[in-house]
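There are 8 protein chains.
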Amino acid sequence: MKAIARVAVLMGSDSDLPVMEKAEEVLRSFEVGCLSAVASAHRTPQYLRSLIARAERKGVRVFIAGAGGAAHLAGVVASETLLPVIGVPLGSKLSGLDSLLSTVQMPRGIPVATVAIDNAANAALLAVQILSLSDKALAARYEKYRRDLTRSVIAKAKARRSR
Amino acid sequence: MKAIARVAVLMGSDSDLPVMEKAEEVLRSFEVGCLSAVASAHRTPQYLRSLIARAERKGVRVFIAGAGGAAHLAGVVASETLLPVIGVPLGSKLSGLDSLLSTVQMPRGIPVATVAIDNAANAALLAVQILSLSDKALAARYEKYRRDLTRSVIAKAKARRSR
Amino acid sequence: MKAIARVAVLMGSDSDLPVMEKAEEVLRSFEVGCLSAVASAHRTPQYLRSLIARAERKGVRVFIAGAGGAAHLAGVVASETLLPVIGVPLGSKLSGLDSLLSTVQMPRGIPVATVAIDNAANAALLAVQILSLSDKALAARYEKYRRDLTRSVIAKAKARRSR
Amino acid sequence: MKAIARVAVLMGSDSDLPVMEKAEEVLRSFEVGCLSAVASAHRTPQYLRSLIARAERKGVRVFIAGAGGAAHLAGVVASETLLPVIGVPLGSKLSGLDSLLSTVQMPRGIPVATVAIDNAANAALLAVQILSLSDKALAARYEKYRRDLTRSVIAKAKARRSR
Amino acid sequence: MKAIARVAVLMGSDSDLPVMEKAEEVLRSFEVGCLSAVASAHRTPQYLRSLIARAERKGVRVFIAGAGGAAHLAGVVASETLLPVIGVPLGSKLSGLDSLLSTVQMPRGIPVATVAIDNAANAALLAVQILSLSDKALAARYEKYRRDLTRSVIAKAKARRSR
Amino acid sequence: MKAIARVAVLMGSDSDLPVMEKAEEVLRSFEVGCLSAVASAHRTPQYLRSLIARAERKGVRVFIAGAGGAAHLAGVVASETLLPVIGVPLGSKLSGLDSLLSTVQMPRGIPVATVAIDNAANAALLAVQILSLSDKALAARYEKYRRDLTRSVIAKAKARRSR
Amino acid sequence: MKAIARVAVLMGSDSDLPVMEKAEEVLRSFEVGCLSAVASAHRTPQYLRSLIARAERKGVRVFIAGAGGAAHLAGVVASETLLPVIGVPLGSKLSGLDSLLSTVQMPRGIPVATVAIDNAANAALLAVQILSLSDKALAARYEKYRRDLTRSVIAKAKARRSR
Amino acid sequence: MKAIARVAVLMGSDSDLPVMEKAEEVLRSFEVGCLSAVASAHRTPQYLRSLIARAERKGVRVFIAGAGGAAHLAGVVASETLLPVIGVPLGSKLSGLDSLLSTVQMPRGIPVATVAIDNAANAALLAVQILSLSDKALAARYEKYRRDLTRSVIAKAKARRSR
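Protein chains in written order, with our numbering: chain A, 40 to 202; chain B, 40 to 202; chain C, 40 to 202; chain D, 40 to 202; chain E, 40 to 202; chain F, 40 to 202; chain G, 40 to 202; chain H, 40 to 202.
I should point out that these hints are in silico values taken from the structure, not numbers from a laboratory. What you are looking at is a predicted structure, and each value in this text was computed from that prediction instead of being measured. Backbone N, C-alpha and C define an ideal beta-carbon position, used for all residues, glycine too. Be careful, since some hints might not be right.
As the list claims (entries may be wrong) - In silico DSS-like cross-links for lysine-lysine, where the CA-CA straight-line distance does not exceed 27 Å:
| id | chain 1 | residue 1 | chain 2 | residue 2 |
| --- | --- | --- | --- | --- |
| 1 | A | K195 | E | K97 |
| 2 | H | K132 | H | K195 |
| 3 | B | K183 | B | K195 |
| 4 | G | K97 | H | K183 |
| 5 | H | K195 | F | K132 |
| 6 | G | K195 | G | K183 |
| 7 | G | K132 | D | K132 |
| 8 | H | K195 | F | K61 |
| 9 | D | K132 | E | K132 |
| 10 | D | K97 | A | K132 |
| 11 | B | K132 | F | K195 |
As the list claims (entries may be wrong) - To spell it out: a stretch of chain D is covered by chain C in this simulated footprint if at least three of its residues, at any positions, have a beta carbon under 8 Å from a beta carbon of chain C; those stretches are:
| id | segment |
| --- | --- |
| 12 | 110 to 123 |
| 13 | 135 to 148 |
| 14 | 162 to 172 |
| 15 | 179 to 185 |
Chain A extracted, bound-state conformation (with noise of 0.2 Å):
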């Protein structure tokens, strides 16, 4: 249901699709309800604005923004509103370097937390950590989450050493 939307992800390209959809199935899968849309800072800025006006008007309270090259989606989203950024650098000709840099070395005052080059489904599990402080039922998911992770990581080595 998009109408409760808490997390929007937004992306500069249709093309950034299938890496930045990774963020969505996460939210999913902890039943954030989010909203995405492909937005560009540079070919359409003005619809970016209304785009970010929108989504807080919706209930958006963290902004997920990937991009690539001259990234400066997360930064242009950061400065038109006051609620917590979260970019994703996307792979490059630079190997995402140029993108990394371009979303992380943000001036004094406009912070955008950054995550891993492509690693859409880390910004995802930033914005549930970010929501968890006031949601003591996400906070459970994440928990949960989590303890999972460890345990099936520690499976697959038992697994792999009692061969």
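Go by the hints and put chains B, C, D, E, F, G and H onto chain A.
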């Protein structure tokens, strides 16, 4: 009053203090209680874990961790807590490139919200944004901060123009 | 006389002034009117947009934008105007590599004409070349500049040889 | 019609053609006459100079030069003409980082307007922006291009949302 | 026979197995008992610590740890043991540069003996060199290995020459 | 007493002494006899080989080699001995990145145990860890060192907290 | 005829052959006798030295050495001969950046004439240029090669234009 | 005596003199006549060509060219002469990485013999090695230089040991 610390500011070495105390100053200016500690992921792993546990008991909701070189501090903190962790890559012999990559390139499951090299102030502002989601008074202070930031840049710009 | 400014020199912070005023000096030496302003893509996005609009109304034909780190200024200006935008990546903790990549790696549709790190003089010279296409007097001054540049290098070279 | 070419698209080797012909396509779509030629700064320096002179006589107002590796083509063209020169760094064994630095880091006096790695389309768009300053019909076509670009991104975004 | 394992080969994820099993192969060819395990510094920190303790009890004298991205595994192992730790930086989206810097740039007090990117075989050979200091039979096998290595390179070289 | 040197500390040039003597200091503090020598892989290859042979005759069990730029010293030592070789990449015009890559990226068969840029102290500590495997008294001193290291970090941390 | 080899083409591993045989082809096309050999600076140092000595006795005047990763081959050859040594950095996991820096950043006293990554053909052409200084027939062949190179680029360019 | 100059030392700007005059000093110490000149590939292309032609007429057999940033000087010289060209990448805002890549990554057909960043002395020594191939007296002086180099390193090493 440290008793109600909501943010823990950790750093890998006391030589990191001049950079990391900017985070404390910002938090103080927002009236966000914080505790700060030196704890090395490599030299004092057990002490670090006890610090994290104690911080959580004291009410900390967000961790900030600054380290340089093979900067594992933020990642190790993130592996020991369910709370959001903000990483500050610190300058180094390689200008902080090693610190940045060691902090941001976390594997799926355990994100670190990375800010710009040496930008401890932005780490604190990101913590403020996160805490503001469930603290209206703080949200108001942050809104004022952003308004003032905008105004001061514009004021300086206008002063310059009218020379 | 600002009234007939043909080039706008923008910079992200007043700490960028010592580098960016080289652009103003060069433009002045070519008798090209310019306006210069501090406006941050991130801290004052709305003010920046109003500045761009006002600059266009005042007759600006070319924008020069200098910024460092996650240097979005030139890209944001380019997304808000149809005029040519010249980007100057400014030195940074990473020697300007982040500024360069953030400025030059623009996506299809919105180019930024990027010059060398900290080379605000060249940004101004490029603006002069562009304006010279429809201003014969300026073209003549630029031709003279290049002739003088060549001569002064050769003169110095010869002076040295005859030592 | 080559006779009224306003842009010359030069490239260092015919293996660069698949990338550089994007520039020709864009120029053609804007009805900007262009001539295109292979000419190596290193293998055919004299031929390159004669090409530049002939291009100027034919009415060329802007040069676009694409090259990879130790990419000197744009810089050499810039040293032989007073017209604006746009450089396209081409992909290489080092992902185009060498091409980018060789193209953009020009010394004071001789700028090259550098665009993103392999982004020949943006080089053409920049040429269009420059020529539009003194060609109202072209300016109108460019304005329409930008409007269409914005619309198509938004249309795709909306189509996606209504799925 | 795992019971007398002298080397522990750890890796951060089972996707690292194809690279890291080269270490096991080399150790086996030297008749050096080893145990191998998947254990993530970030996803299973407690399990990793118990693994390290158990490995020490089983007689392990040298640790080999391979990880990619923000590769903290070797550093975390080094912080939990007094034994020598050899780090293998694994290939990544950034070609292993992030893994290399995260592994090698350790702070004073806690070294990690880092080998080349993806070169698990060399990690094993380094372990063999270390263990050879107090095991004459192993030292003899290593000496033979080096002699054979030299011979096989020369044999191939000569075969080629006489073609 | 040089006669029972167990570690040889080699460096490519006497300008490397200020960094490399940290290794000697650490070794001395652990009562590990060492010999130190300047020997360039490139300028004195034959002398270097005779040094290595003499060092082995004197009882050296571990080599430490520090060099900068195209830092071949550690690799050349590793090719001439069967003993473990620890490489220290030294700072350079490229901040030690060239030294690091030249030292660590060794081919299969001939590993170099590389430590952080300029971190000669860690090279010595790694040598101590290696020698401790067959020297209980040294192992005890190293255990004490690590305990003291942990304590001193915690003591400083606590002192700071109680301010 | 190997007997009058004037250039020795060395490579670190037989996997380097597909790249390095380009050097042999170029030398053959200039009728410059060459010998080629696989010899690792690290795995067969003594054999390498005997190869260098034998090559000198056979009349070799220029060495070409290609290697990847921690590419010490050219430097080691340069340290063992008084003749000019040309280094070819070979592609690697780090795209040849490590090979390039390991080859070119030689210390004062022992230069290596480094050519582009994987450009064995240029190494051969440089050898031809060097040998041409005292061989008029070869100089004439090289002059013809350059003339033909220029012509073929221009011919292709003209063919394209007249399409 | 300039009349019998065998090496031409060119540099892109007179600010390069402090580095490049090391080449002249070395050549002088080997009694190799040289001429030195400032000539920019970009600012004085025609003058540069006339300089090259004049140098050849004066008997120059080897060119040395030092430049920084988008360092095209060596490549441009190489495209205008059939003689061997040695490139010296000069330090820059990017520590000389841009200069190095611009100098070394030459395309097939036109090699530049590149030495280490700022290492003008090695450029001169390489020129001496090349000229020595057809000048026995010079070869003898170079052999003595190398012997002395070795001796002085060993003497310093021994002096240190006997302290």
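Quick rundown of the hints versus the structure:
| no. | hint | verdict |
| --- | --- | --- |
| 1 | K195/A / K97/E | 21 Å, holds |
| 2 | K132/H / K195/H | 35 Å, violated |
| 3 | K183/B / K195/B | 18 Å, holds |
| 4 | K97/G / K183/H | 23 Å, holds |
| 5 | K195/H / K132/F | 24 Å, holds |
| 6 | K195/G / K183/G | 18 Å, holds |
| 7 | K132/G / K132/D | 11 Å, holds |
| 8 | K195/H / K61/F | 20 Å, holds |
| 9 | K132/D / K132/E | 16 Å, holds |
| 10 | K97/D / K132/A | 36 Å, violated |
| 11 | K132/B / K195/F | 24 Å, holds |
| 12 | 110 to 123 | holds (count 3) |
| 13 | 135 to 148 | holds (count 7) |
| 14 | 162 to 172 | holds (count 8) |
| 15 | 179 to 185 | holds (count 3) |
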